[in-house]
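Spelled out, the chains give:
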Amino acid sequence: MADPGTRKHKADDRAKYQKLASSIVPRPPLARNTAVAFVVGGLICVVGQAVMNAFIASGMTADEAVGPTLATMILIGVVLTGLSIYHHIGEFAGAGAAVPITGFANTIAAAAMDFKREGYVLGMGAKMFIIAGPVLVYGILAGVTVALIKWLSRG
Amino acid sequence: MANRRIGKSTMRFATPPVIVSAGTVAGPMEGRGPMARWFDEVVPDDMFGERTAEKAERRFMGDAVKIVLKQAAVQPEQVDYFIAGDLLNQIVTASFVAEDLETPFIGVYGACSTSVQGLTLASALVDAGFANLALAATSSHYQTAERQFRYPIELNIQRKSTSQYTATGAGAVLVGQSGGKVRVTEATLGRVVDMGVKDPNQMGPAMAPAAADTIFNHLADTGRDPAFYDVIITGDLGSVGSEILLELMQRRGAPLGDNYADGGVMLFEGVRGTGVGGSGCACSALIMEGFVWKRMCDGEIRRALIVATGALLSPLTWQQGESVPCIANAIALQL
Amino acid sequence: MDYVIAFLVGGAICAVGQVLLDLAKIPPAHMLVLFVVVGAVLSGFGAYDRLVEFAGAGALVPVSGFGHSISRGSLLEARRLGVIGLFTGAFEFTGLGVATAVFFSALIALVANPRT
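Protein chains in written order, with the numbering used here: chain A, 1 to 155; chain B, 1 to 335; chain C, 1 to 116.
Bound conformation, chain A alone (with noise of 0.2 Å):
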């Protein structure tokens, strides 16, 4: 009997049925899925720059275009989640459906909308970002201390 509480495995068995397991399991179709990432999101980037141009055509500068070019795609992400249409897409495209700034504003409003049940505070309210705060976090975490090294080395 080994230690209880501390699940001291019996390695080589453990090595051995991993042996065995990963020759039945089947590998993804890879070259699949990156095809298909590749073109939902490519044709999702095309949408985004033609919501750009848009915004370019109305008068803004390049620069102050991005943001509500963002602004919008998140727009439509939401509403994409909200018409249940959004997780078809991520399950047909994997990354190309996630990478996309829509695919942030669908972690948020899938959240919402699932989180609700338990109420608009403590449901809705505390677990919207329970998805997208990774990237919230870690894009702030890097953003700001690249910008600081940067800023600090030549000002």
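Source of the hints: derived by calculation from the structure; they are not laboratory data.
Don't take each hint at face value.
To give an idea of the interface, some chain A residues facing chain C are shown, with a C-beta separation under 8 Å as derived from the structure [stated by the list, open to error]:
#1 P26
#2 L30
#3 G42
#4 I85
#5 H88
#6 A98
#7 K116
#8 M128
#9 L148
These stretches of chain A come out as covered by chain C in the derived footprint (C-beta under 8 Å, 3 or more residues) [to be verified]:
#10 64-73
#11 99-112
Glycine included, every Cβ here is placed at the ideal spot set by N, Cα and C.
Place chains B and C on chain A using the hints.
Just chains B and C now, with coordinates in the frame of chain A:
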């Protein structure tokens, strides 16, 4: 007092208790699969018109219990024990349904192996004379399981090649000393087996070793061949997990033949979007208390070994980098 | 033409993400964090600015663009205001997006329910 244990880990019931009645209620996805005609009720809306999926799951379990009691013409007051469990934290579905039943309640947790775990305990209590009638039930729901173990429903997440689909539904079974054709003859409860699988998307590969362990022990304890049974059905290994099980049993010198099938595969065969098969407590319950029960009542199946498999992880243990401990519980049903 | 480049660059970034998911078996959340950090770091080298000039939305829409926007805003405001600017600048370009996300997600939660 006669010793009712045989071999290392199997109970042989003295006056085999019988299944007096069994009932199954399934959701719409399950209704699209080939097992649908064996369910007592297929519900078109998996929310059951309720505001939360958790409430809906209780309706599933409650309805399965109602069907069982009605079939047996038994009042809740006549039931001595209600033995139930589900996937949710603190097995709230079972507890809340128990409240309405007002029957002494034993809450059990075996993850997706709960159906057989509950039936085993119910049978043991009846066989030993502690109960005249014992009711076992279990349920699972796609939305409640996803929310608790994985992600919000509307999240864009891509299933992996080994992902399974949590079944929505419930099964209940009433065990008594007499009044039924199907006898519960032996039960082999499993021990926890963990072969180091850490990926929660690989439930089948995680559980297969536990299934092999329990099946092997059961056969050794009873001195039987796999061919003794008309069917040997695992709860929810999925297509990948069952392939691994076949290989494991082959290597142990007790190869499983054509009489072997997996409940997860049976439940969702041909249904798009369900990965490599069904999972959840309801999976084994729907198959055992729907398909197997009805076919045994017809006489089409005479001897069945049901091996429900469960993955005993929590969302936290996975995040903390732990591997997935699993268990398999086996029960023998004979005419 | 800018649409074609946006498609190719944006698609390529997503394709890299997919390879990380399938081959390197990184959980989706970790992959997204990696991308946002890489975006911020490449921003520091000036490389992401050039990518944005070249590919427009193809560089801005992926979440790496989000990291770049945080980094860029942080740097611009630091130059203007000093240390305080480091932190106020983080949301210079991204604040609009975050506030929009929260506001409209809450609205959608009021009217829409998750469906299996």
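Query raised in the report: Against which earlier hints does the structure fall short, listed by number upward?
Result: Of the numbered hints, 1, 4 and 5 do not hold.
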